[in-house]
Amino acid sequence: MKALAPTSEAELAEMVASASEPLRVMGSGTRPIGVPVNGQPLTTSGLSGVNLYEPGALTLVVQSGTPVEDVRKTLAKEGQRLAFEPMDHRGLLGTTGEPTIGGVFAANVSGPRRIQAGAARDFLLGVRFVDGQGQVTRNGGRVMKNVTGYDLVKLMAGSFGTLGVMTELALKVLPASHQTATITLSGLDDTTAVAALSRALGSPFEITGAAHRQTEDGPQTCLRIEGFEKSVAYRAGQLQTLLADLGTAEIETDPDANATLWQDIRDVACFHDGPGDVWRLSVKPSDAPGIKAQVDGAEALYDWGGGLVWLRVPQDTQADTIRATVNAAGGHATLIRGNRAGGVFQPLSPPIAALQDGLRARFDPRGILNPGLMGRAA
Amino acid sequence: MDMPKPNPTILARKSQLLDRLASFLPREALIHDPAETRAYECDGLTAYKCPPLAVVLPASTAEVSETLKICNDMGVPVVPRGAGTSLAGGALPTEDSVIIGVARMNEVLETDYDNRFIRVQTGRTNLSVTGAVEEEGFFYAPDPSSQLACAISGNIAMNSGGAHCLKYGVTTNNLMGVTMVLMDGTVTEIGGAHLDAEGLDLLGLICGSEGQLGIVTEATLRILHKPEGARPVLIGYDSSEVAGQCVSDIIKAGVLPVAIEFMDRPCIRATEAFAGAGYPDCEALLIVEVEGSDAEIDEQLETIMDIARKHDPVELRQSSSDDESKRIWLGRKSAFGAMGKINDYMCLDGTIPVNELPYVLKRIGEMSKEYGLDVANVFHAGDGNMHPLILFDANKEGDLELCEDLGADILRLCVEVGGCLTGEHGVGIEKRDLMLHQYDPPDLEIQMAVKDVFDPKWLLNPAKVFPLASSDTRRIAAE
Ligand SMILES: Cc1cc2nc3c(=O)[nH]c(=O)nc-3n(C[C@H](O)[C@H](O)[C@@H](O)COP(=O)(O)OP(=O)(O)OC[C@H]3O[C@@H](n4cnc5c(N)ncnc54)[C@H](O)[C@@H]3O)c2cc1C
Ligand SMILES: Cc1cc2nc3c(=O)[nH]c(=O)nc-3n(C[C@H](O)[C@H](O)[C@H](O)COP(=O)(O)OP(=O)(O)OC[C@H]3O[C@@H](n4cnc5c(N)ncnc54)[C@H](O)[C@@H]3O)c2cc1C
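Chains A and B, in that order, give the protein sequences.
So the first sequence is numbered by this note's numbering: it starts at 1329 and just counts up by one.
So the second sequence is numbered by this note's numbering: it starts at 937 and just counts up by one.
These aren't lab readings, by the way, just hints derived from the structure by calculation.
One thing to keep in mind: the hints can contain errors.
For lysine to aspartate or glutamate, the following EDC-like pairs were computed, each having C-alpha atoms within a straight-line distance of at most 20 Å [said to hold, decoys possible]:
#: 1; chain 1: B; residue 1: K1103; chain 2: A; residue 2: E1534
#: 2; chain 1: A; residue 1: K1558; chain 2: A; residue 2: E1534
#: 3; chain 1: B; residue 1: K1188; chain 2: A; residue 2: E1382
Required output: the full structure, derived from the provided sequences and hints.
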């Protein structure tokens, strides 16, 4: 089916209003999330471009179909960046295409720096969107602080195109850091590693990345610090001392090596090749190693100090097996790669599911926006 | 200020309602004596008052749930209340409503330093959350100036922020989970001790919803380790425009101060007379604070002072001791008290894009002349959250109305330049009727549709946030 590709918000609104069948809302249009939506594809790729950029106010207003890469380049020219470090899923999912900024926020995609800077949703200041009736709505604005009415901006972030099609986004951006260093401890088992990450994150040394991964040389426990030169050197030294009882930490300050290391963690590079289902778990860090240990044949990459666990499990491992362990501890699991028959998103408690369904029914009374995605039956 | 007329049916059934509530609530948890309910007739916005039908002070989530079931069943409006420090009339009752106050629910339920969170009952005050973890070196970041008194429940409902939110964010950026009771008594758990809750971001929606979607009884909050140290620098300029430019340049340079505060001449003069902090008499004064180890602070302050110098300051004073730091903050912290000493004032709370600062300050000056009322400015410059204080004489006929008109004009100006009506105090009843200046009817319609989902009978915190005319049909249909 040929995709609908509106080139203006008004055209998009008209298309949604006159749609008589379900729509599969997409950014770049190559990457289905969750259970594939059976519907007419609608892509925002025609809605592209920067509408307003004020580096001194740390704000950027862009159209939703703008490639993430364009946003990155625009910001880099002024020494700024998307501080929440959105991951690039292409390697993990073996897809091609150009990730859009709308897709990033619709999926609330945040990388390693989330523990210090916040999630994608924390950087979304305002949205314009077209709801399921074709009505154009706006919420929030382009200022850092705003409590005028309900915060639908947060609600739209992470709603996977089920409440509306976002057309314009106002973002908070931050200056890029001058210097980066990574402190790495080698050879720790998972439990010790997560405890070490917790100890470091509970220190005053402002860590912007805390991960534990397996490499050809064995396990590595990595902490990232960023900032001005002297400050980075000072904090790296302090962390070395803080963790001295666990071994001698190596300090890496080469910019390229640091960039590669954290990009690999961000994009879960270790699971790109080879078979196996990939799950994404959001849990209390100290629960993470125990959960992994309970799943037969699981390999893990721990990010966010252990709070974000990427699990690779043998193909067709039952979704229930994963969910039961996560449920027991509190948290949730999303299937990112693999057989979707067991459901992609975590089933919600009945009252929460009722609220979510209620909201979807209000934003999209005809049920045409990504029906079947995020738990609701098609 | 218009409020809906009380529902006579509810007033007539008062004793039945009280009987039902008394059947399960301990004596001390139910207040209905008019002499005692008076203590709950308003919040921090004291210009509007109305005693409620009754006040319930539950001790548990179960009691909140039971109370809500009865009110829902009898169609009685409910006004949630924390400590009552709202400045927007967010906790103002109506004659036919029951206040449910969480003040007695103030326990710490769990502290977890490894996973860096604390779980509390929401009646706990903001400052005492930090109090519970500071021995271990931790703190809870959002720090509204009312933090000694205000409750976490009110912070969540208003999405409150403070001087340090430039670096640490506001409540929504530090809230991980809640227990919330819906109007029909259903107890829900949203989020928890893990980052990024599952499903739609209901947590983000609830934060800042001004007590209209449910009553929050427990909260899981992110805690952080305290920085090694902090130090401010005081920068004075003879022009607001230049000061505004300096703020912008500091932000662009990549230093992330924890706070950038701004005061203008009327405010500096008043606080000097009151607190004697030793501020220079200049047009605009900035206080910029940075954190870290001594060496880190030196490095950041050097960068900031270099930028400040380029703009030719009349004063540049880096603190060299704890005492001096306290003195630098003293004036800023006593600004509101100082203004109150010399005048009655009305405190606004608009937000603007930082680069519009010079223009907005100039326009406020002009409007102040047109209205013949002085305006003093003190605000969180780093995020453009302004608190213009309009000075007036409460005893002078017509002055309050004039003041309200000027206030509305200033807030409209904030919206015109791309800002918003309220940065941290909330809409409440105060800015309810200005909402259509920021949002078009369809924008409000979809917000009201959200309330329909959580509270179909529109009983929770009625007549707040949305203009009465916009919410009319819903409120009447629900009766
Ligand atoms: C939990 C999770 C699971 C993921 N699973 C997958 C996966 O299975 N496959 C995959 O390729 N990527 C997946 N991603 C990655 C994510 O989709 C990409 O990071 C995102 O950037 C893709 O950009 P895109 O433009 O290609 O968006 P798309 O892949 O086209 O869309 C991503 C989601 O956002 C919605 N959307 C896109 N644009 C808008 C808009 N303007 N308004 C409203 N909704 C919009 C879509 O309906 C879809 O639900 C997942 C991310 C997360 C957090
Ligand atoms: C001197 C002073 C300085 C201030 N400084 C700041 C500041 O720097 N930053 C800032 O953001 N604010 C500030 N405020 C405003 C006020 O303190 C905040 O809005 C605060 O969060 C209100 O908390 P509270 O517990 O007093 O809430 P209340 O006044 O009791 O209620 C506020 C709102 O929350 C709702 N609510 C209360 N409890 C619940 C609950 N359990 N469930 C659901 N809804 C509930 C109420 O219905 C009402 O709408 C200041 C106020 C004063 C008086």
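Open item on the list: Are any of the numbered hints broken by this structure? If so, which, sorted upward?
Closed with: none
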